[in-house]
Structure formats: structure tokens, C-alpha cells
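J.: Fit chain B to the supplied structure of chain A, relying on the hints for placement.
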Amino acid sequence: MRIEYFQLIDRVTELNLDELKIRAEATIPTDSTIFEGHFPGYPLMPGVLLIEAMAQTCGWLIIARNSFARMPFLASVKEAKLRSFATPGQVLTIEGRLDHEGSGFAVAEANIRAAGKLVCDADITFRLMPFDNPGFRGSMEQTAARLGLKIEAAVDG
Amino acid sequence: MSTTFDTVANIIAETCDIQRDTIKPESHAIDDLGIDSLDFLDIAFAIDKAFGIKLPLEQWTQEVNDGKASTEQYFVLKNLCSRIDDLVAAKAK
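So the protein lines, in turn, are chains A and B.
Residue numbers for the first sequence follow the numbering used here, so the first one is 1 and each next one is one higher.
Residue numbers for the second sequence follow the numbering used here, so the first one is 1 and each next one is one higher.
Just so you know, these hints were derived from the structure itself, not from any lab.
Treat the hints with care, since some could be wrong.
[Unchecked claim] Calculated pairs, DSS-like style, for lysine-lysine (alpha carbon to alpha carbon, straight line, at most 30 angstroms):
1) B:91 with A:21
2) B:49 with B:24
3) A:150 with B:78
4) A:21 with B:68
5) B:24 with A:78
6) B:68 with B:91
7) B:49 with B:93
8) B:54 with A:78
9) A:78 with B:68
10) A:81 with B:68
11) B:49 with A:21
12) B:91 with A:81
13) B:68 with B:78
14) B:49 with B:78
15) A:117 with A:150
Since this is a predicted model, take the numbers as computed values, not measurements.
Here chain B stands alone, though its shape is the one from the complex:
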């Protein structure tokens, strides 16, 4: 069974045509991988479908814009995967 990170990394590699082995848990989706907001919609769509969740992108964006959160909290992949795991767990309750 693949890990959350493996699934997310594969989605990013396929969606954005990025070499899979360059995608690390420490990678920042925007700063390191150069993913723009439009590509991130495709990634969010694929993640939503793969995990049966709804990534709260608007809430995250608002928190970053309001200075209440950093982009690293949501867009460094290990942090993103942790939030995906939380959303999956919350849905299973």
C-alpha cells in the first residue's frame, strides 16, 4: 500500500510533468517545484479524488494572505500530506 506522500508525489509528477525523483517530502510545491495556482487546481482535484476529501484551499490561501499561516505549513509536501491524513481521519470518524 502506497503512502500518502507516494500518492501525492505521483500525482504531482504526472500532473505537472516533474521528474518523480526530484519530488521530496521537504519540497515546497511552489518555491521548489514551481507549481503555479492553475496546476495546483489540477493537483487538488486529483488529491480530492484519490483520498475522497476536499482540500480547503480557499481557507489555506486566506490564512496565508492574512498572515495567520505560512505557505510552508500547507505547501511543503510532508506538511501537505500530514493535513491530507488529518482530513482522511476526520472523514472516517
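Isolated chain A (complex conformation):
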């Protein structure tokens, strides 16, 4: 996890396109400027970033599902519950399941666990839009490779 670069997942460990599920892992760094403010003397992974980690995980599931034809953009977060603290050094397991594929949008359910304990969960809606430019799509393809995600790209996106 490189928080400052908004890289909130380290690797995709499981992708099941039949069941529309994904699992990813991320280790919270022990050292980050974010913890200087959140909070001094009591470092906690900010809840908004946990939500972003769930959104990124579900986003990769959607991209895998549509073979890089569309980019998912976070549109709404519902029923977000931050149930326990996440702290530096913890290994997070992030799971997502695609609940609905609409026309131009998708809805997913996600949760994060640490050592088996539920940290947070949420229902997340995404807008799906064509990639604005080939460079953008290319950078996402590179990121997918870094995460260990093998996706067969659509022919013309």
C-alpha cells in the first residue's frame, strides 16, 4: 500500500468472474505522513481511505468483467460502516462482490477484514465511462499487471 500515491491495494489474490467476486490484500505501511495527523500518538488508517480501498478492489472487478472497455468511477457509498480500527502494519483482506450491472453503472458490496476480524463494509455504486484516452487506459493496464490481475483487454475498448 502506497497511501500517498493512492495505491490502496497491493495485489489481487483471487478473481472469480463466474461468481463476480474479487479478493485483494494490502498491508498498511508502518510509516506515512498521514499518520502524523491521523492521529499524533495514535496512528489509525483513515476510514475514508478504507472506503477507497474497497472501491479500488471492486473497481478492478468491474474492469475485469468488462475487459477494460469501461472505467468505473466512484459515484456513491451507502451503508458504510467502520467497525474496528485499522492500524499501521496490519494486513488487510479486501473482498468485493458485484451486485448489479446496470446501463452505465454498477453496484458492488465490499468489506475489509484484518486477521479475520471485520474492519468495515459498504455498498458502492460506480459510473462506468469509456476511457478518456489511450494513455489513461494504458496506465490502468500497467497497474493491473502490478497487482497481478490478468485481464484480457477488449479489442477496441
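T.: Only chain B this time, still in chain A's reference frame:
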């Protein structure tokens, strides 16, 4: 058994916190009820789930943007309900 309009109106009322009795078959979702595109995603999600269909929002939006259709054709509720009925019937075939 509730009508398509009743189901849609209830979804809109609950999703957008709009008084149910202000939602009429002649209401324009955007112009009269003030529903924005993000709220309409929630409504589409609920309609898709309730009726087991997939509202073709992207196609409708494209047709409106291309001047091939008016927003009234898709977003006046009685017209929206008629299209939902068509989609449900097409799925049942």
C-alpha cells in the same frame, strides 16, 4: 397487486425523499421532480431489481443527446412506466 407506476413512484419517493403524493404520472423526473443523474442511478438500480430488467439508460441518454428523442419520452413517469412494461414483456417472451 401494485401498478408499475405505483412501484416506480414509491421507489422515487423513498430514494429521493420526495413526497409520494407529489409524484404523478405526468411528472417529469428531471424537470418537475428535480431528480439529478446520480439519484437517477439509484432509481434505475431499484427499478432494475424490482422488475428484473436493465433500463437502457445509456441508449436513452445517447438518443436525447443526438436529438433523436426528447427527455419527455423517457423521463415523464407514465412514459417511463410504459417502457418498463415493454421491457418486462420482452423479457417474458
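J.: Look at each hint and say if it fits the structure.
T.: These are the hints, each one checked on the structure:
1. B:91 with A:21: 26 angstroms, holds
2. B:49 with B:24: 22 angstroms, holds
3. A:150 with B:78: At roughly 45 angstroms apart (the allowed maximum being 30 angstroms), residue 78 of chain B and residue 150 of chain A break the hint.
4. A:21 with B:68: 38 angstroms, violated
5. B:24 with A:78: 28 angstroms, holds
6. B:68 with B:91: 25 angstroms, holds
7. B:49 with B:93: Between residue 49 of chain B and residue 93 of chain B the Cα gap is close to 19 angstroms, so the pair holds against 30 angstroms.
8. B:54 with A:78: 21 angstroms, holds
9. A:78 with B:68: 35 angstroms, violated
10. A:81 with B:68: 44 angstroms, violated
11. B:49 with A:21: Answer holds: residue 49 of chain B to residue 21 of chain A is near 19 angstroms, not above 30 angstroms.
12. B:91 with A:81: Outside the cut-off at roughly 37 angstroms; violated.
13. B:68 with B:78: 20 angstroms, holds
14. B:49 with B:78: 19 angstroms, holds
15. A:117 with A:150: Holds, at roughly 29 angstroms.
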